[in-house]
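Work out the full structure, taking the sequences as your base and the hints as a guide.
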Amino acid sequence: MNYQFEFGAVFAAWPLLLKGTLMTLELSLSATVLGLIVAIACAWGKTSGPLPVRLVVNAYIELIRNTPFLVQLFFFFFALPAIGLRWSPHTAALIAMVVNLGAYATEIIRAGIESIPKGQIEAGLALNLKAHQIFRLVVLKPALRAIFPALSSQFILLMLTSSVVSVISADDLTSVAANLQSRTFRSFEIYIVVTAIYLSLALIFSFIFRTIERRSLSYPDRR
Amino acid sequence: MRTFGLGDVWFILQAAQWTVLLSLVAFIGGAIGGLAIALSRTSGNVVLVRLSTAFTQVFQGTPLLMQLFLAFFGAPILGFEVSPWLAASIALILNTSAFLGEIWRGCIQAIPKGQWEAAYALGLNYVPRMRLVVLPQAWQIALPPTVGYLVQVLKGTSLAAIIGFTEITRAGQIINNATFQPLIVFSVVGAIYFALCWPLSLLAGRMERQLKLATTR
Numbered sequence: 001m002n003y004q005f006e007f008g009a010v011f012a013a014w015p016l017l018l019k020g021t022l023m024t025l026e027l028s029l030s031a032t033v034l035g036l037i038v039a040i041a042c043a044w045g046k047t048s049g050p051l052p053v054r055l056v057v058n059a060y061i062e063l064i065r066n067t068p069f070l071v072q073l074f075f076f077f078f079a080l081p082a083i084g085l086r087w088s089p090h091t092a093a094l095i096a097m098v099v100n101l102g103a104y105a106t107e108i109i110r111a112g113i114e115s116i117p118k119g120q121i122e123a124g125l126a127l128n129l130k131a132h133q134i135f136r137l138v139v140l141k142p143a144l145r146a147i148f149p150a151l152s153s154q155f156i157l158l159m160l161t162s163s164v165v166s167v168i169s170a171d172d173l174t175s176v177a178a179n180l181q182s183r184t185f186r187s188f189e190i191y192i193v194v195t196a197i198y199l200s201l202a203l204i205f206s207f208i209f210r211t212i213e214r215r216s217l218s219y220p221d222r223r
Numbered sequence: 001m002r003t004f005g006l007g008d009v010w011f012i013l014q015a016a017q018w019t020v021l022l023s024l025v026a027f028i029g030g031a032i033g034g035l036a037i038a039l040s041r042t043s044g045n046v047v048l049v050r051l052s053t054a055f056t057q058v059f060q061g062t063p064l065l066m067q068l069f070l071a072f073f074g075a076p077i078l079g080f081e082v083s084p085w086l087a088a089s090i091a092l093i094l095n096t097s098a099f100l101g102e103i104w105r106g107c108i109q110a111i112p113k114g115q116w117e118a119a120y121a122l123g124l125n126y127v128p129r130m131r132l133v134v135l136p137q138a139w140q141i142a143l144p145p146t147v148g149y150l151v152q153v154l155k156g157t158s159l160a161a162i163i164g165f166t167e168i169t170r171a172g173q174i175i176n177n178a179t180f181q182p183l184i185v186f187s188v189v190g191a192i193y194f195a196l197c198w199p200l201s202l203l204a205g206r207m208e209r210q211l212k213l214a215t216t217r
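If you read the protein sequences in the order shown, they are chains R and W. Counting along the first sequence from 1, when you hit position 75 you're at 75 in full-length UniProt numbering, and nothing is skipped either side. Counting along the second sequence from 1, when you hit position 163 you're at 163 in full-length UniProt numbering, and nothing is skipped either side.
Just so you know, the hints here were simulated from the structure itself, not pulled from any lab data. Take every hint as true, because none was put in to throw you off.
Under 8 Å between C-beta atoms, here's a sample of chain W residues computed to sit facing chain R:
| no. | residue |
| --- | --- |
| 1 | Val58 |
| 2 | Pro63 |
| 3 | Met66 |
| 4 | Leu70 |
| 5 | Phe73 |
| 6 | Ile162 |
| 7 | Asn176 |
| 8 | Phe186 |
| 9 | Trp198 |
Computed Cβ-Cβ distance ranges for the label pairs, DEER-style:
| no. | chain 1 | residue 1 | chain 2 | residue 2 | range |
| --- | --- | --- | --- | --- | --- |
| 10 | W | Trp198 | R | Thr47 | 21 to 27 Å |
| 11 | R | Ile204 | W | Arg131 | 36 to 42 Å |
| 12 | R | Leu22 | W | Val49 | 32 to 38 Å |
| 13 | W | Gln210 | R | Glu26 | 40 to 46 Å |
| 14 | R | Glu62 | W | Gln17 | 22 to 28 Å |
| 15 | W | Asn45 | R | Leu129 | 48 to 54 Å |
Note that CB positions come from ideal geometry on N, CA and C, so glycine has one too.
And the structure:
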């Protein structure tokens with residue numbers, strides 16, 4: 001092996017890499033917020049909506065969960081403009097991510113709602129709690145506690161998957177890497193550095209999520 | 001330019017063979033690697049536990065696309081030519097090893113400690129203890145999530161299109177460039193993936209419900 005590693009050109013481009021990191025974060029966070037809104041609506045539709053709504057929501061979930069994200073991205077970017085729905089790569093990427101996360105998060109949220117035993121709500125009623133109190137004190141916290149780990153790993157997964165949007169030249173960390181590559185030809189070094197950035201993001205977020213879980217979502221010690 | 005016809009559907013279907021083949025390679029290689037990871041992580045040996053945990057964190061904490069790029073652009077540096085086939089296989093096997101290792105570690109640790117202790121008390125050493133007592137029980141718990149994970153492997157192979165491996169997605173791109181009918185092309189591509197993945201999802205769901213029934217008597 002006589003390859004000379006040359007990281008200088010990669011590190012010299014740190015402002016671009018920083019910008020790419022921020023774009024990836026911005027894209028992932030906005031897709032998560034919008035995706036959660038979609039998911040809450042769908043979870044409500046799936047658990048208590050009328051039959052046609054339930055069927056539509058089910059079809060949406062199965063369709064998204066059984067096809068690759070890349071194909072969904074191509075569909076929103078290449079296919080829908082053909083019927084007049086035209087958008088920028090960035091918007092297409094965001095829509096694909098929202099639609100993708102929405103399907104996975106619907107199932108997580110539904111499981112969270114269903115994890116609250118009916119007896120708990122009845123106990124709240126028996127204690128003469130008002131509806132909003134029951135929701136806040138009896139339902140919300142245990143449900144959040146049940147779904148938080150799954151939702152947080154789904155967020156990290158989405159952030160990692162978002163690297164794929166560079167394929168339609170939407171702006172993110174990976175597209176910055178691709179641009180750098182065509183300027184400096186140090187492909188391997190660039191991808192090592194960018195992979196390390198993604199790994200740091202994933203580790204930082206999983207640390208933050210675990211801290212939130214421990215501090216705010218666990219029950220006080222009963223000892 | 002020409003219109004999208006049956007020949008094009010046939011072209012994409014033939015590419016589906018490569019998707020299935022790549023998935024099998026990734027799954028079989030990943031199962032061997034995953035078992036090694038799961039056993040290392042539950043071994044109690046500090047070095048093995050640290051190494052396998054680091055491996056898992058790196059592969060679960062970075063995008064599969066980056067792993068593919070590193071295999072594709074990195075291997076020539078180590079002195080050998082790499083085809084998209086080989087690069088995709090290496091990256092997918094390593095990635096699948098990490099995820100299956102994590103799933104199976106959970107299943108091994110779900111076996112009650114009393115079982116380990118009983119095997120130990122019977123004088124069984126590590127290998128017979130794992131082979132006769134722990135793994136047969138862990139296997140039953142592991143089956144539904146493993147079948148479910150096959151869906152993730154199948155979908156993951158679509159990224160091999162980006163480094164030029166001609167599977168379903170790449171075939172779709174090629175046909176789309178020739179016909180300019182993205183709506184029908186990518187609908188067909190999506191439908192083929194769905195036809196491959198949905199039965200596996202249904203099977204995994206059914207196995208999970210059966211397991212739940214069997215364990216909550």
